[in-house]
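Peer 1: Each chain is listed here by its residues.
Protein chains: 2
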Amino acid sequence: MTDMPNSRDRDLRRRAEAVIPGGMYGHQSVGLLPEDYPQYFASGEGAHLTDVDGRRYLDLMCAYGPNLFGYANPQIDAAYVRQLEKGDALTGPGPAMVELAEAFVAMVTHADWAMFCKNGTDATSMAMVTARAHTKRKTLVLAKGAYHGAAPWCTPRPTGTTAEDKANQVHCVYNDIASLEAAVAKAGDDIAAIFAAPFRHDAFIDQAAPDPAYARRARELADQTGALLVVDDVRGGLRVARDCSWSKLGVQPDLSTWGKCIANGHPISALLGNDKCRAAAASIYVTGSFWYAGAAMAASLETLKLVRETDYLERIEALGDKLRDGLAERAQAAGFGFRQTGPVTMPLFLFDDDRDLRKGFCWSSAMLERGVYVHPWHNMFLCAAMTEADIDAALDAAEGAFKVLKREAPTLGPVEKLAFLAG
Amino acid sequence: MTDMPNSRDRDLRRRAEAVIPGGMYGHQSVGLLPEDYPQYFASGEGAHLTDVDGRRYLDLMCAYGPNLFGYANPQIDAAYVRQLEKGDALTGPGPAMVELAEAFVAMVTHADWAMFCKNGTDATSMAMVTARAHTKRKTLVLAKGAYHGAAPWCTPRPTGTTAEDKANQVHCVYNDIASLEAAVAKAGDDIAAIFAAPFRHDAFIDQAAPDPAYARRARELADQTGALLVVDDVRGGLRVARDCSWSKLGVQPDLSTWGKCIANGHPISALLGNDKCRAAAASIYVTGSFWYAGAAMAASLETLKLVRETDYLERIEALGDKLRDGLAERAQAAGFGFRQTGPVTMPLFLFDDDRDLRKGFCWSSAMLERGVYVHPWHNMFLCAAMTEADIDAALDAAEGAFKVLKREAPTLGPVEKLAFLAG
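Taken in sequence, the protein lines are chains A and B.
Just so it is clear: in the first sequence, position 22 is 22 by this note's numbering, and no numbers are missing.
Just so it is clear: in the second sequence, position 148 is 148 by this note's numbering, and no numbers are missing.
Copies of the same chain look alike in the list, so a pair counts if it fits in one copy or across any two.
The calculated DSSO-like cross-link candidates involving lysine-lysine, where the alpha carbons are at most 27 Å apart (straight line), are: (1) K166 to K144; (2) K136 to K417; (3) K186 to K166; (4) K186 to K136; (5) K276 to K248; (6) K166 to K136; (7) K186 to K276.
Hints were generated in silico from the structure; no laboratory data involved.
With the hints as extra help, turn the sequences into a complete structure.
Peer 2: So this is what it looks like as structure tokens:
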């Protein structure tokens, strides 16, 4: 142990270097974050995280989405533990599986049925297989750069995958109707599905609300061609609506995929579908060792109860508005072009004229130092455990962070690890 | 509610018909089991299950593997709950991830590193991608009929998948050296990996121990061609050895995959590898929303502690021997050809002259009626919560069940739903 403020984090990273390839993997790696970001956390409570060196943060990442009602939410975790004591992974499911399917079908307009799995990628992969089984065709229409999971067919990094893994895919530009029409035309009579994120939430670029005309056109094209329309709500689900996110646009998909926060961080994801593709969903073989485990289902039932019975969404929207307005004001006062995009409940912040994110890194580090965990290039997530006081604290931190940035901006060097963004 | 003894199960199935495609999906569906098998369970404790209609069983399926130290094991579940209270899915991993990687590396001879995921299929898919990244080649050599998961590249039912999903695969016959050599030759200079189950544990057929010469030849061929050798220990792991299962043969793979019981039913799986393929594993993009959650890691640490510090394996082997010997004796006394295959800790029972399993179904139903849950065509699993008294009870039940079969055998009709087996 040293006297460095992050000595426990450094020590864990050193140990991990020995027993985990590259020291860390996947979306929670801090490899592409500023150097001072902690990799390891000791605990979470409500809207706050404590890292292994004892520093506490207001967490605007919410575990990359799973935290919707607060870390260690007593009501949801109690439901988990009660079911754990009765039985979790058994030789068959328990009543909670049926109750949870009923709860989703009652809540989500387009859904006539539900299937449960563990990863978001399980749900999107099942949507793909269901669409191919239903249509007896192969081609998927996807938006360029959209994230639908980390299996070989959809992973953003092709290393170790084959051309065949991504065969039968045609890409379009999100929100560009002509491009969508061209992609559907290119898929021709082999089209199985049109996949869509509820809004554009790609990393490193401004988020974009869905153009209602684009959403309606996707629905029309699916109907005309017999393809299934899939809305991938793994990331956006329950932070945009108490229904599939595109229901706000009056567009109902055939399939929707859910995960992350549907059990407030307990491991479960879901594929929901309508009657049109019920037989196809019943015909595919998908499974997992822990897919029928009851505890996460009990936690999801409790989460959906809070979704139905509380004003959580209106509250996080109001907090998100307050955060967005307050940041805009402070950025303007400091003289920065500061773009806030995405739903206010899932914001992403980017500075103007900041291709390699040197300003974003500097500002984010200054926020971190002031006790607010923000992400410089991935959308963030608000949760219902946040309070007005938390947002005030974030805004105070931001005022200080903009000052730091103003002072340091003229001398900031390039962010080597993000050099690819400038290329 | 009716007075039928399975009225709650029937009621749940009726409700599920409405909101789950086909009423149920995946490996825990009772669709291919005798009609009297319950689909829904209320609770599990130690080696016993209680179904939703209150009937209690000695459970020889152990949740299809996850139950190794008893359902609701107090020590393991307490570790889970302690970590849950501190933090489960957070914005980064906790120290438990490093500790668990260290524990696996210390326990498994071939392993220099570990990566954690949720499904067994995640681990086998990561093995495939790692092997392709390491070799910069594509072709996998797999044994015909071996189960390595339910993703499009490996699912046993092709509905909704494409020819491209299973491209770059060559098949051999398990334990047949000439067939393995031919498959490797066919893969030629494109070979990326040789996959192997630790023993042949395909459904519907006799299990088979690995021929040590086959295992050694697989290792040699991998070394000669530069391919990686993968042992898929998701199902067999920790019930054959306190190490990778092939370590008993003196054969060390490059990669091994683990899941099911490594946290005694809590949701976590793992890919372990050696230094040869560390860089490749670090180069791939794989992730999941709940992969870094601490509670299942804490439960796995406690499970591995019990693996290291108790005689669980010797005890379940002794119980397995007692069960196998006792069943053989009773089957012979009743005049049945009754084949018991696989490790004694993971047995499968098949009757001679029973192509559509009509004898197996009759006997299994009679066991179920006598309070012992057996599976007529899938390997079973013993757990450390079983006692000699449990095995005695199973043997008493078997004696009765053989009598029932003897009486009913002459008039048994075909099992329509297994007609495909006779084809």
